[in-house]
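Chains A and V are the protein sequences, given in the same order. Here the working numbering is used: position 132 in the first sequence is 132, and no number is missing along the way. Take the position in the second sequence, starting the count at 1, then add 1000; the result is the number in the working numbering.
Hints are computed from structural coordinates only; laboratory data are not their basis. Keep in mind that a hint or two might mislead.
Subject to a maximum C-alpha distance of 30 angstroms in a straight line, what follows is the list of computed DSS-like cross-link-like pairs (lysine-lysine) [stated by the list, open to error]: (1) V:K1251 x V:K1217; (2) V:K1188 x V:K1251; (3) V:K1251 x A:K294; (4) A:K380 x A:K241; (5) V:K1217 x V:K1234; (6) V:K1214 x V:K1251; (7) V:K1234 x V:K1214; (8) A:K380 x V:K1446; (9) A:K377 x V:K1341; (10) V:K1217 x V:K1188; (11) A:K380 x V:K1341; (12) V:K1188 x V:K1234; (13) V:K1446 x A:K377; (14) V:K1243 x V:K1188; (15) A:K294 x A:K241.
Part of the chain A face toward chain V, derived, beta carbon under 7 angstroms [as the list claims (entries may be wrong)]: (16) S64; (17) N66; (18) P68; (19) E197.
C-beta: ideal position from N, C-alpha, C; glycine also.
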Amino acid sequence: MNTPFDPEIIRTRQLEWSRRTFLGKSAQALGALALGSLVNPRLLSAQDPTVPGPGGRWMGCLPSPNFPPRAKRVIHLYMAGGPSHLETFDYKPELNRIHGQPFPASFTNGQQLAQLQNTKLLARGSSFTFSPCGISGQMISDLLPYTQQIADDICVIRSLHTEQINHDPAHAFMNAGSMVKGRPSMGSWLLYGLGAETDNLPGFVVLMSRGPSGGEQPVSARQWSAGFLPSRFQGVQFQSKGVPVHYVGNPDGVCQSTQRQVIDEIARLNGFHEEETLDPEVQTRIAQYELAFKMQTSVPDLADLSSEPESIREMYGVKEIGDGSFASNCLVARRLAERGVRFIQLYHRGWDQHGNLDTDIKDVCRRVDQASAALVKDLKQRGMLDDTLVLWGGEFGRTPMGQGTGRDHHINAFSAWLAGGGIRGGLSWGSSDELGYRYIDDGQQMHVHDLHATMLAAFGINHEKLIYRFQGRDFRLTDVHGRIAQGIFA
Amino acid sequence: MTAAGSLNSTGAFLGRFHPLWVHLPIGILVLLAILEVVGWAAHWPRLKWLPKVGPGQRTLILLTGACAAVAAALLGWLLAHDGDYDAARVRSHQWLGIAAAAAAILVLAVHRRRWLYAPLFAATLVLLVLAAHAGGTLTHGSGFLTARMPPAMGRLLGLGNAAVSTVPVPVDFSRAVVFADVVQPILKDRCVGCHGPDKSNGGLRMDAWEQLAKGGKHGPVIGAADPASNPLVKRIDLPAEVKEHMPPSGKQQLTDDELTVLEWWVYAGAPRDRPLASFDLPASVAEAVRSRLGGAAAEVVPNRTAVFANAGRLAHELGILIRPLSPDGPWLDVNARVMGKAFGNRELALLSSIAPAIQWLDLGGTSVSDAGLACLAPMHRLERLHLDQCRITDFGLGLLTGLRRIEYLNLRGTSVSDGGMVALRNMPRLRSLYVWQTAVTPAAVKALGEALTDRRRIARLEAEQSELARLISAEQFQGNAGESLRPPAAKAPQSSP
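Start from the sequences, fold in the hints, and give me the full structure.
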């Protein structure tokens, strides 16, 4: 099977067309050809004898890396809702000291606020204690006792900042580097740039878990959309409870060989249509039929957590197999990583504590702490942490000013951690001011664009070179920004 | 300071201008020679438009040239009393220089008699060239001019190959002798230029073992009871900014390999005639020695186009994933894990056409076994190797000993045991090893770690670190206008931009 991106196919087809056909279809064909060439920049400039993949395998648009690569896959532990950096990774004794006093106006004058607009701003210290951990002595909250154990494997970033103060646009900004709809998410960009290392599973998989209340902010499917990239690069959400993919088994009376014949015939018919239109979306359709056929065997194998020994399940804190918990999802994430999936995103909702911060954050920490740390340890003992980049963090942080019994959304400083994929463990990167209000401009400040640029650099990709032309403009994940934090790499 | 002392130091200061000043008389006299030749050519009718030197001009140029030559000789005399130069060579340069200056004065005296002027001036120029060459040899060492001469030209001039060729001849490791084959070549490249027969700064010569034992102004260089205080290694280890650092900043510094070898040699008690093979060399030292002894045996970089063509074909045939690992090199990441058990020893053998280009190889979960590992022998470039969950044993690990660039090795879930860990001692760059779910004991891993860790090198780097910390603190300004003990005041909040 071949792809429309294959230069050979395009060239032979161009030759096959008669002049009449060509004139008749010129508008359509030129458009499609142009689109095809945009999908694959190599197509019209076949100067680089790059290594092609067999069959329909997408090997990525980049002929060779821009830098020596370190990482091969990402596991993004997405703490949706905006985890409070002041309760987890950013220790601020000065804030504790002025607890209850008016928050200094010099910090907040003229600044964007979400729900705290036109209210009296009072400083709110953290109710929780912090400890220096590991040999590196990184300060981590005692709310995260398991994460404290992996302090020397993770690099805590305390100077993150974003531009969007509400959940949905902030999620979009964290995922796609823009709040505008229709932009590809970072998983899609990575898949477009490098392809996946599996033929049997989607290259970009999303799993979701949540707290007990069920009242959390929803996360829309546009967060893992491929945007203007061909839709074969979009994230595929698996069910975290029960069967990961519904209706993946054959109905009674249909065997695999019959199924194979059906898929082949549909592919043949779709092929006619594709030859007429040269539309990459038809090719996406063919590829998806093929992938779905392979997933009929790969997904049951993936979901069979009973093959995991008791000790491993205990390590992650999985109570019941496939119970939809974050712990269960972390275990599945490791199994996806082992099978060559490029980008795995695990959303956990329940970090949006406008009120009841002290009780609710304790609960959500308990739900994610053990499994997050177990994932890093498990990857490490398998020798996978060297080439797996783990990112733990949310879309923004929370205000150092109190909001009743909680905190409001905050974009000027928040924390996250990175592990593996060539990142130096035990490192503290960047910092916020003494009240945790704003990142410090010390060369280690990390805008979301900078985080994206750094993550792509771990894969050997120069973020300025991963480009897709759409509606007459070149687009990048980092737009016209992004600075690689070189010092973060070992 | 006494008057004599001040005179001495002024003399030493002025003497250092000699290498600069000498170019002035040379330039003036050579310019006159050019003018004379041109003027002589003007006698030929067709070239009579050429300029001629007037008698007054000639006198003026000769006068300045002779004065400059005398001044140069005086400055040279001052420098000879101060610099650490080989006495015999200084003497020959000195007399040639004085002779040239005297000849210049003589020419000035007789230049109005044409028949005497021409031969005397020519003789002066010859003396000048000889003196200049002797001076150059004093500064740069003998053989400076011919060291980079093409061999063909050397043969033409009858210098013979030995005098010209400086390419080291590869020496067999098993027959190499410590000082002559390993240490001396390093000293010759990096030290002997300033500490040798021609020029011996600090009174130290480093061209022979006996000279090192004899030492210089500050005492012997080798043979001290405590190797940690050895001036040789200590001086090299100092940060480059420090004046005592050797080689001086601006000169070619020692490579890591050279430093490793030199340091090991000093700590081993500076042996001279013992064969290398009789030592139990640490892995890093053995590696450094090998790479030095190998001489010109540089790494062969496979052709990128050819490798990629083969890689594309193999990826199609075997269903494996192959990706380039660098923007311009031929290096490859080969992932056979995607094919699982369908990839075995037979398929692995087919990779031979791209073997020298493979840098990362993932055979995890494939059906590759011990017998197949022989195919890895030509993969000299291999840095990351996954063999997890393959059917391999200690015997297979023994076949990997030639892979000296391995940094990452994953043996999880294989049948290897403690015995196999010994074979891994031949991988000097190994930094990450994964042996979970095998019979390997923590004690064996620890022992391997000890063998692969160069404690001395770490200690050296730590010493360097503390020296740098000292330098940093020396650079920092601390002002203190007096403090009194007060209860801590509320800190003024940082202004927000």
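*Unmet hints by their number, sorted upward, for this structure*: 3
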